[in-house]
Amino acid sequence: MDWNHELLASAIWLGKALAITLPVSGLALWLLVRFTNWGRQFWRLAGEFFLPAQNGWRPLLALLLILLVTLAGVRINVLFSYWYNGMYTALQKWDQKAFWLSMLVFAVLAAVHVGRVLFNYYIQQSFLIRWRQALNESLLKRWLNQQAYYRSAHLAQPGDNPDQRIQQDVASFVSSSLSLSMGVIDALVSTFEFTVILWGLSGVLTLFGIDIPRAMVFVAYIYVIVATVLAFRIGRPLIRLNFLNEKLNADYRYALIRMREYGESVAFYRGEEVEGRTLRQRFDNVIQNVWQIVFRSLKFNGFNLVVSQAAVIFPFVIQAKRFFAKQISLGDMVQTANAFNQLQDNLSFFRSAYDSFAEYKAVLDRLTGFLDSVEDAARLPQPTHTLRDGGLILHELNVRRPDQQPLLSKLELSLEPGHALLIRGPSGSGKTTLLRAIAGLWPHCDGKMQHPAPEQLLFLSQRPYLPLGTLRDALYYPKPAGHDDAAAVAVLKAVHLGHLSGKLDVDADWSHTLSLGEQQRLAFGRLLLAAPHVAFLDEATSAMDEGLEDTLYRLLRQRLPHTTLVSVGHRSSLLGHHDLQLLLHGGGSWQLQAS
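When we follow our numbering, the leftmost residue of the sequence shown carries the number 1, and every step to the right adds one.
It should be emphasised that the hints constitute simulated quantities derived from the structure, not laboratory data.
From the three backbone atoms N, C-alpha and C, an ideal C-beta is built for every residue, glycine too.
It is possible that part of the hints are untrue.
As a list, the in silico BS3-like pairs of lysine-lysine whose alpha-carbon atoms are at most 30 Å apart [as the list claims (entries may be wrong)]:
id, residue 1, residue 2
1, K503, K479
2, K448, K141
3, K410, K361
4, K299, K361
5, K326, K97
6, K361, K141
7, K321, K299
8, K141, K299
9, K247, K326
10, K448, K479
11, K247, K361
12, K503, K493
13, K410, K93
14, K93, K361
15, K141, K493
Pair ranges (Cβ atoms, derived) [as the list claims (entries may be wrong)]:
id, residue 1, residue 2, range
16, R116, D485, 21 to 29 Å
17, D579, E261, 33 to 41 Å
18, R233, A481, 21 to 29 Å
19, P426, L51, 31 to 39 Å
20, R557, R40, 53 to 61 Å
21, S515, R557, 52 to 60 Å
22, Y149, G263, 19 to 27 Å
23, S542, D163, 40 to 48 Å
24, I12, Y149, 50 to 58 Å
25, G276, F35, 49 to 57 Å
26, L468, M259, 25 to 33 Å
27, K493, S572, 26 to 34 Å
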């Protein structure tokens with residue numbers, strides 16, 4: 001090899017390789033998307049990021065640069081192969097000048113190699129970070145859009161562990177997509193290059209009296225193809241086992257989180273034994289699956305190791321006769337071994353990376369399952385909503401249980417601004433479900449509704465939601481926290497939480513810091529600050545005494561005289577704060593009367 005002109009020769013090689021690889025890769029991607037399920041799964045997740053109309057040209061240009069650097073790595077490996085030949089040939093011939101020249105060439109190649117590896121790491125990580133950000137935002141937007149995070153729970157087969165899909169599987173998807181795609185390209189291009197090298201170095205192999213020219217190439221291909229087919233058969237169960245591994249771990253983690261969330265209730269019931277059995281059972285499921293992965297991986301990895309180790313001596317055994325007959329030099333012998341092992345490694349890529357492909361397929365299944373769940377949730381039926389400035393009108397509203405048994409049939413209701421309605425009825429008659437239907441959360445309903453825009457509606461549940469963050473964030477939720485300390489302090493005092501006035505900017509888990517009664521009072525403060533056109537209160541004073549309940553309702557009617565109130569409650573003391581009451585009798589029947 002003429003090292004003096006190798007820079008220009010390598011540049012020409014890179015240009016040709018890129019010109020061939022780009023259209024071939026594009027065609028392969030199109031065929032995979034068109035004819036394979038996992039190709040369609042990939043494009044469903046990645047298409048938005050790579051389409052210039054959606055995300056500009058930057059992702060494609062970055063991917064082109066990564067491809068160019070990957071091909072440069074192939075070329076450097078080829079050059080190292082020729083370097084080994086030259087260096088060992090110089091040693092065999094006792095050529096000191098050629099030896100030191102080869103050391104200089106190595107220094108240049110090594111420097112280029114190190115620079116390429118570091119640059120490749122940087123551009124790949126930059127690309128992966130931007131891709132992960134884009135995909136995370138896309139999935140998060142779909143999950144939050146149309147309240148899919150809640151409505152998907154009403155599906156016949158809701159997606160499991162959406163938190164893990166967004167947090168963990170997105171990272172796995174982008175990193176595996178890049179590493180596997182570049183690995184395939186590297187393996188295929190390297191296979192071609194080292195096949196050419198091995199073709200030139202191979203001689204004739206006599207087998208059973210038959211002369212086989214270029215035998216080394218055929219041995220390499222047959223050896224790897226047979227090994228790959230056997231490896232696929234051994235490793236196939238890993239796809240299902242890896243999928244189960246993620247699911248079972250997520251289920252166990254969810255049970256642990258739930259135990260922490262409901263720790264107080266469990267402690268009151270002394271339910272540690274029952275909870276412990278549940279946790280241990282879920283952990284046992286994880287361990288059983290892990291053992292299956294271990295045993296299957298032992299078979300798979302053991303087979304791969306045997307195949308790889310046996311491949312080390314093949315080129316020396318086959319070329320030994322020609323070497324000792326002085327038909328080839330020591331450099332040729334070493335380059336043959338290097339080229340054979342490179343070819344064997346490249347052809348073995350799909351076998352060696354089978355477990356990675358198995359994990360990747362499991363990630364694809366989980367992420368596309370998440371998308372299916374979100375899209376199915378968006379298709380769940382809803383009543384017809386029409387906007388109006390104030391008040392609430394329900395026309396022929398039908399609300400059903402999941403088994404389609406009626407809770408409310410043809411409900412007619414008209415509330416003007418400033419009116420107050422109390423919904424009463426026995427447990428299971430559909431009081432809270434009616435509020436869910438009005439909020440657009442309950443899919444088993446139909447009819448017509450007229451109410452203000454969603455941002456002018458506020459729902460207070462029996463156990464108020466307090467977000468992570470400061471007390472000020474919790475007080476103003478779901479709107480951005482205001483900076484008027486005087487107004488916030490005044491509201492806290494009005495709802496009998498004046499002792500918290502100095503803690504507005506304290507960051508804590510307030511849902512565990514405040515009692516349920518304090519949380520409900522804080523929710524009333526939130527209602528006063530938000531001043532919605534319509535407010536829905538679902539057992540919002542259940543943890544208060546009747547005196548405090550009366551005080552807070554009087555405060556609402558005084559401060560928010562034009563707000564329409566819809567309350568759910570059992571106490572007769574609430575009747576005095578409402579103009580109308582809706583009595584639900586179950587089975588679809590209802591009665592509207594004055595309080």
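Hey, K247 versus K326, does the alpha-carbon distance stay inside 30 Å?
-> 61 Å, violated
Can the restraint linking K93 and K361 be considered satisfied, given a maximum Cα separation of 30 Å?
-> 53 Å, violated
Hinted pair K448 and K479, Cα distance within 30 Å = 28 Å, holds
Measure nothing beyond the straight line between the CA atoms of K503 and K493; if it is 30 Å or shorter, mark the hint as holding.
-> 13 Å, holds
Decide if the proposed pair is consistent with the structure: K321 and K299, CA atoms, cutoff 30 Å inclusive.
-> Cα-Cα ~35 Å, so violated.
Do S542 and D163 keep their Cβ atoms within the hinted range of 40 to 48 Å?
-> 29 Å, violated
K448 paired with K141 [C-alpha distance capped at 30 Å] | 28 Å, holds
With respect to the beta-carbon atoms only, verify the hint that R557 and R40 lie 53 to 61 Å apart.
-> 57 Å, holds
Does K141 lie within 30 Å of K361 when you go C-alpha to C-alpha?
-> 24 Å, holds
Between I12 and Y149, does the beta-carbon spacing fit 50 to 58 Å?
-> 55 Å, holds
Is it true that the C-beta distance of S515 to R557 lies inside 52 to 60 Å, as the hint says?
-> The hint (52 to 60 Å, Cβ to Cβ) is violated, given that S515 and R557 are roughly 25 Å apart.
Does the hinted range 19 to 27 Å hold for Y149 and G263 at CB?
-> Because 24 Å falls inside the window, the suggested range holds.
This entry does not satisfy hints 3, 7, 8, 9, 13, 14, 15, 16, 18, 19, 21, 23 and 26, going by the numbered hints stated previously.
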